[in-house]
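**Q** Sequence:
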Amino acid sequence: IIEKGRQNDATFTKKLRSDITTLFQSTERYNTLESMVSVAEILNIRIDEFESKCTESKDKVKRIMNKINEFSVIESKQRYLPLQGDLWRNWAETNKEQSRVKNIGHEHFENYIFEKKNKQTDIRKEQKTKGFSDVMKMFVDSILNESFETKMFVVQWMQLNLNNLSRVTFSKLRAEYKTIYVEHDDESKNNVKKMKKIEELMSSSSLGLEHFIREIGQFYEATKTVPKPEELNGKESAYHKAPTLPAVAAELFLEGFPLELMDGDVGCIPIDWVSDVLKEVMTMFGRDPRVFVLTVLGVQSTGKSTLLNTMFGLQFAVSSGRCTRGAFMQLISIDDELRRELECDFILVIDTEGLKAPELATLHDSYEHDNELATVVIGLSDVTLINLAMENVEEMKDVLQIVVHAFLRMTEVGKKPKCLFVHQNSGDVAASEKNMRDKKCLMNQLNAMTVAAAKMEHKESTYSKFTDVMEHDVSRDNWYIPGFWHGTPPMAAVSAAYSDQVFHLKLHLIEYLKKRTKTQRASTLSEFSTWIGSIWEAVKKENFIFSFKNSLVAEAYNQLCIHYTDWEWEFRNDIISWTQEKNNYINNVEYAHLQNVIQQLESELGNEISKGRATLKNNIISYFENKSNDVHLVEKYKEDFNISTNQVCMKLTEEAFNKFLELVCRRESGHSIAELETQSKKTIGEEVCKLLQHCKNNTVNLDEEHLKKEFSNMWSIVVKRLPKIRLIKHNVYKDMKKSLLDSKIEYERNAGDLFNTFATPEKYFETINNNQFQLKPEHSRNEACMLSDATVTELTKVSHMIVESSNTWIEEKRNDYCSTHTYNLLQHITKELKNQQNKIFSKEFSKDITVFICFNAIVNWQKQHDIFYDNNDPMTKMKQIKKSYFVMFKELYHQGDENMKHANTFCNECLKPSLLEAVCNKLGMDVATNVKSDSGGPTFSSRKHLQLAIHLHLLEKDDFENYDRYINAYAGFTKEWIKAQVIKHCQSAILSGLINEVKKSVDSVTKTLATPTTLLEFSESLGECLLTHIRINKDFIDILGSLSFRDKESVKQFSEELKSSLDSAEEEMLRGFSVASDAECEAWLSRLSVQPHIELYKSLAGCEKKCPFCGVPCDQGGGGHVTHCAELHYPQGLYGFHGSSTSTFKSAATNGQRVPFKTYSTYYPTWSIQADTSLEATTFWKVVFCKYNE
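Residue numbers for the sequence shown follow UniProt numbering, beginning at 1 and rising by one.
Since the hints were made in silico from the structure, they are not lab data.
Since we're looking at a predicted model, the values are computed, not measured.
Some hints here could point you the wrong way.
[To be verified] Cβ-Cβ distance ranges computed for the label pairs, FRET-style:
| hint | residue 1 | residue 2 | range |
| --- | --- | --- | --- |
| 1 | Glu812 | Asn771 | 16 to 24 Å |
| 2 | Pro1156 | Thr467 | 32 to 40 Å |
| 3 | Met36 | Gln445 | 53 to 61 Å |
| 4 | Asp500 | Phe50 | 39 to 47 Å |
| 5 | Asp473 | Thr530 | 24 to 32 Å |
| 6 | Lys729 | His894 | 37 to 45 Å |
| 7 | Thr1159 | Phe50 | 52 to 60 Å |
| 8 | Ser622 | Trp485 | 49 to 57 Å |
[Claimed, not checked] Below 25 Å or equal to it, Euclidean Cα-Cα: the simulated BS3-like pairs (lysine-lysine) are:
| hint | residue 1 | residue 2 |
| --- | --- | --- |
| 9 | Lys682 | Lys709 |
| 10 | Lys67 | Lys53 |
| 11 | Lys776 | Lys1146 |
| 12 | Lys418 | Lys455 |
| 13 | Lys194 | Lys77 |
| 14 | Lys638 | Lys102 |
| 15 | Lys439 | Lys465 |
| 16 | Lys67 | Lys77 |
| 17 | Lys418 | Lys515 |
| 18 | Lys831 | Lys737 |
| 19 | Lys813 | Lys737 |
| 20 | Lys831 | Lys738 |
| 21 | Lys957 | Lys1187 |
| 22 | Lys1098 | Lys617 |
| 23 | Lys709 | Lys690 |
| 24 | Lys515 | Lys465 |
| 25 | Lys890 | Lys879 |
| 26 | Lys737 | Lys834 |
| 27 | Lys67 | Lys130 |
| 28 | Lys540 | Lys224 |
| 29 | Lys455 | Lys465 |
| 30 | Lys879 | Lys863 |
| 31 | Lys197 | Lys77 |
| 32 | Lys1105 | Lys944 |
| 33 | Lys1098 | Lys611 |
| 34 | Lys708 | Lys682 |
| 35 | Lys984 | Lys944 |
All residues carry an ideal CB built from backbone N, CA and C; glycine is no exception.
With the hints as extra help, turn the sequences into a complete structure.
**A** Okay, structure coming up:
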């Protein structure tokens, strides 16, 4: 014993340190408090651990720990806690994948979901089969059916021993990590791998009481999910204990032990377990208590748990050696007086793991895990404490963006949140001027984040600053707390200033609660439990924007969609233009080379598609490499657009190659007729030339009457000698009936039998009203449900969708009828019927709608075929061209300036019809491009702009029929609206381009031709130059072709006259365009090989799927997505019948049973629907609904 005496402090301290050091050096044996128990017993010092219950509990825990210590922590967890390892992780991943459907690939959706559900069931079965391990049995037996004191002793001893084990384990791992880091400081791949491996071990080596409770929860969920098996393999006892397990956890929860809300190791909430534990809490409490929920959120090591422990006297783990992930709840009971003032029974505190944890940063799902955690706890809390290290917002900027957006969404659904910012480790909490400056800086950043979030929600006018989103007082809700330690740890004292500031923060919270009680009561525990389930379902489905990296992601996604639409349009335009050139080539090539051409074009088409695919994918890659587009926010959608690219390539390949096959088929089927027609025209041409020569040799000049008489005599004689050739006239009705009766599908054969009842389409349409498909009771699979509004509405939607799709398909085949069209139409109808998500219709429905569509097709195709027949029948055409032959004959007889006459005739009779045909082929895509890029402005830049323009049109016309068609027949109405815009903006600039191509070719031929030459040789050379541009009409070339040029100069002169004639022809054709009425313009558009309004619609249509509740079209970009969604939904009343005050719905998909809206994904699994709370965004439809509801 050293007495201080008259020594000063410095000397005394030095002497004391020296003696202690000497004592340690001379002692070989050190005592622990535990080893000194025997000495204390001799001295009659009472030790509470000698109490029987404490000793028994200690022995039980010792036996458990002995088992655990036989192996490493990781091995012990694998052996003794098998239910929460890979099994629990796989179940959680499968559960999320079932909701998000990210990895479906090309698999059928229903099969994929069914497979995931089966996998979850199999995992639960395996968990149930494994049951409790020996260690878990020992633990459960030690806390089940024991006295309260024994349970508490067991739990406390388990905590103490597991914490000691974790400290030892982490000390070893840190030492190993330090060794590699210090001694091998090079950044070789091997060392990086070693350090990463240790980080993973640190993440997996935590073992605490929560792991044992988690194992109990997993066993409980497994037994609840899977029915009792016949064979339990000796696990009968454990199975019967399962129902009592939530009561044990509830008892611990009420006694102040934390209950795990979210398992951070797998990022999942065991909903059944948590909700049943909370139910037991209510049972034990005797009623449904009201709770005030407080959450603390922040990055790692900012003192969150320390703050809660100091504020409420809790025991959340604060040791830096632990690495427990997730969120924990703890109940804090309040005294009777405060309970009356606050009108609540408990304060429920949620403590979360540190976000952006460095030891978890290398784990692949760490960021997504942080976002999910922040979403859940913010969604559940009444007040959120955002813990910041000083004013360092940058370290938590991403999380704050999520936080702000979460608060905005909570406000929109009626949950008014409160947020306090706690700035830890502030140096001088009294420096108010500096703090005010810091507060202003923080608020500026929060305001910017609020504006970004509000923009995404289309609520800019409502939310422009942070205080618009939530209740936040800048001066009172920012708290500056000094450092926890007064001095340097570990021997430093706790700072009194820290405790003082935390105490005042606690008082501030209580005062806020008192004020809040006047306007809003605290939630009950059952409401809190329900809210947990709802929030978690939303997070799983990524219905909240919080799953994105920040609130700008939607805008970034929209920009990506706009760019991709432009790239796809360019690609589509290039392929269609290339296809048209090759169509001209097929029409011009000799018949003998036709089969070789199709093989060559198939190879060339593959090359063109490959080049286009590479360009599209390079554009996607370049876009994602451009850091200025916030592309990192939409990285997850990159694969969707790659899949969409492949789908576009497949579709364009199919369309182009089918065009080639149709042309070749047409040429082959009409070859014999075309040969005879050509031979006939040649014969007529020869006879006209003979008559012309005969008349010129006549010394007497003949007037027009005599010329006409001579010509008519010659024509009658020649036509009688010609073979009689006629086109085959198809009977579409008979073709359709044969296809139906030959079908292998029963309802299609039954549809064919109906054709015996209706001899003509007119007879059929007499039996239905307004040419609309009529629903019948037998159309419902369950005829008893047919009387319900829901079933009628559902079947109406299905019939509208199938009829509209089929009519579009019929319209696309209108130009050239072929008998195979009937078979292909039946295939299309079958495909549409199979694509319906909910098979609520009967075979009778399938039969009747097939008949309805087939008769529509018969009327349409027969009308178009008759027109085609009249225009192309050889004998009819022969009568039509008689006048043209006579005009040419007369002009050649009276010719003055030879070159000028020849040039005019050649231009008018050979080039002008070809130019008009080429215009019809090329005008479609050029008009569409012109409308899209120039005339249409932003209307056709994205689907949102298109819908906005249509909405303005609807408001302007204000006609109920228009609204009705837009809602129920969106695709058809939109196509008609686009067609109207095309007619308004139709341009003919394409003609000038073709004229220039012809002029350039004329110059080229003029330079290369030798003289003397004939007009026939000139025409053939010109045709080769224009092989892919136009097909020169050769009807009159046999008459004109024999005319010859004397010398090079005459060829040149003819060329100049020909170009002059082309200019005149251009002016004449342009006048035809410019004076055309809307009706005439529409008639012209119908002749185009590519319909511009159809191509514009294709570029903006998306997947065309509609929300089953409100009818809004899916607005996902690209075509590679599986899950459909819409940013803004219509009011539900626009699309069928809905109860305005219920939270349930019924439809044919639910078999007429009422089910909660939140379970919609069970019945409509391909849709991801978030709550539409944007009142302003739906004002347009509210006005419509208000005016036209009745």
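**Q** Taking the hints in turn, state whether each one holds.
**A** Hints, verified against the model:
1. Glu812 - Asn771: 16 to 24 Å: Holds: the Cβ-Cβ distance is about 20 Å, inside 16 to 24 Å.
2. Pro1156 - Thr467: 32 to 40 Å: holds (35 Å)
3. Met36 - Gln445: 53 to 61 Å: About 56 Å separates the Cβ atoms of Met36 and Gln445, which means 53 to 61 Å holds.
4. Asp500 - Phe50: 39 to 47 Å: holds (40 Å)
5. Asp473 - Thr530: 24 to 32 Å: holds (31 Å)
6. Lys729 - His894: 37 to 45 Å: holds (41 Å)
7. Thr1159 - Phe50: 52 to 60 Å: Since the Cβ atoms of Thr1159 and Phe50 sit about 57 Å apart, the hinted range of 52 to 60 Å holds.
8. Ser622 - Trp485: 49 to 57 Å: With a Cβ separation near 53 Å, Ser622 and Trp485 satisfy 49 to 57 Å, so the hint holds.
9. Lys682 - Lys709: holds (21 Å)
10. Lys67 - Lys53: With a Cα-Cα distance of about 22 Å, the restraint between Lys67 and Lys53 holds, given a limit of 25 Å.
11. Lys776 - Lys1146: The hint holds at about 20 Å.
12. Lys418 - Lys455: Holds, because 22 Å separates the two Cα atoms, which is no more than 25 Å.
13. Lys194 - Lys77: holds (22 Å)
14. Lys638 - Lys102: The given pair, whose Cα atoms are some 12 Å apart, holds under the 25 Å limit.
15. Lys439 - Lys465: holds (14 Å)
16. Lys67 - Lys77: This hinted pair holds, its Cα atoms lying about 11 Å apart.
17. Lys418 - Lys515: holds (13 Å)
18. Lys831 - Lys737: holds (20 Å)
19. Lys813 - Lys737: Given pair Lys813, Lys737 holds - Cα atoms ~18 Å apart, limit 25 Å.
20. Lys831 - Lys738: Cα-Cα ~20 Å, so holds.
21. Lys957 - Lys1187: Within the cut-off at roughly 14 Å; holds.
22. Lys1098 - Lys617: holds (20 Å)
23. Lys709 - Lys690: holds (15 Å)
24. Lys515 - Lys465: With Cα atoms ~24 Å apart, Lys515 and Lys465 stay inside 25 Å; holds.
25. Lys890 - Lys879: Holds, at about 18 Å.
26. Lys737 - Lys834: holds (22 Å)
27. Lys67 - Lys130: Holds: Lys67 and Lys130 sit about 18 Å apart, inside 25 Å.
28. Lys540 - Lys224: Given that 25 Å is the threshold and the Cα spacing comes to 21 Å, the pair holds.
29. Lys455 - Lys465: holds (12 Å)
30. Lys879 - Lys863: Between Lys879 and Lys863 the Cα gap is close to 22 Å, so the pair holds against 25 Å.
31. Lys197 - Lys77: With a Cα-Cα distance of about 18 Å, the restraint between Lys197 and Lys77 holds, given a limit of 25 Å.
32. Lys1105 - Lys944: holds (15 Å)
33. Lys1098 - Lys611: holds (21 Å)
34. Lys708 - Lys682: holds (20 Å)
35. Lys984 - Lys944: holds (21 Å)
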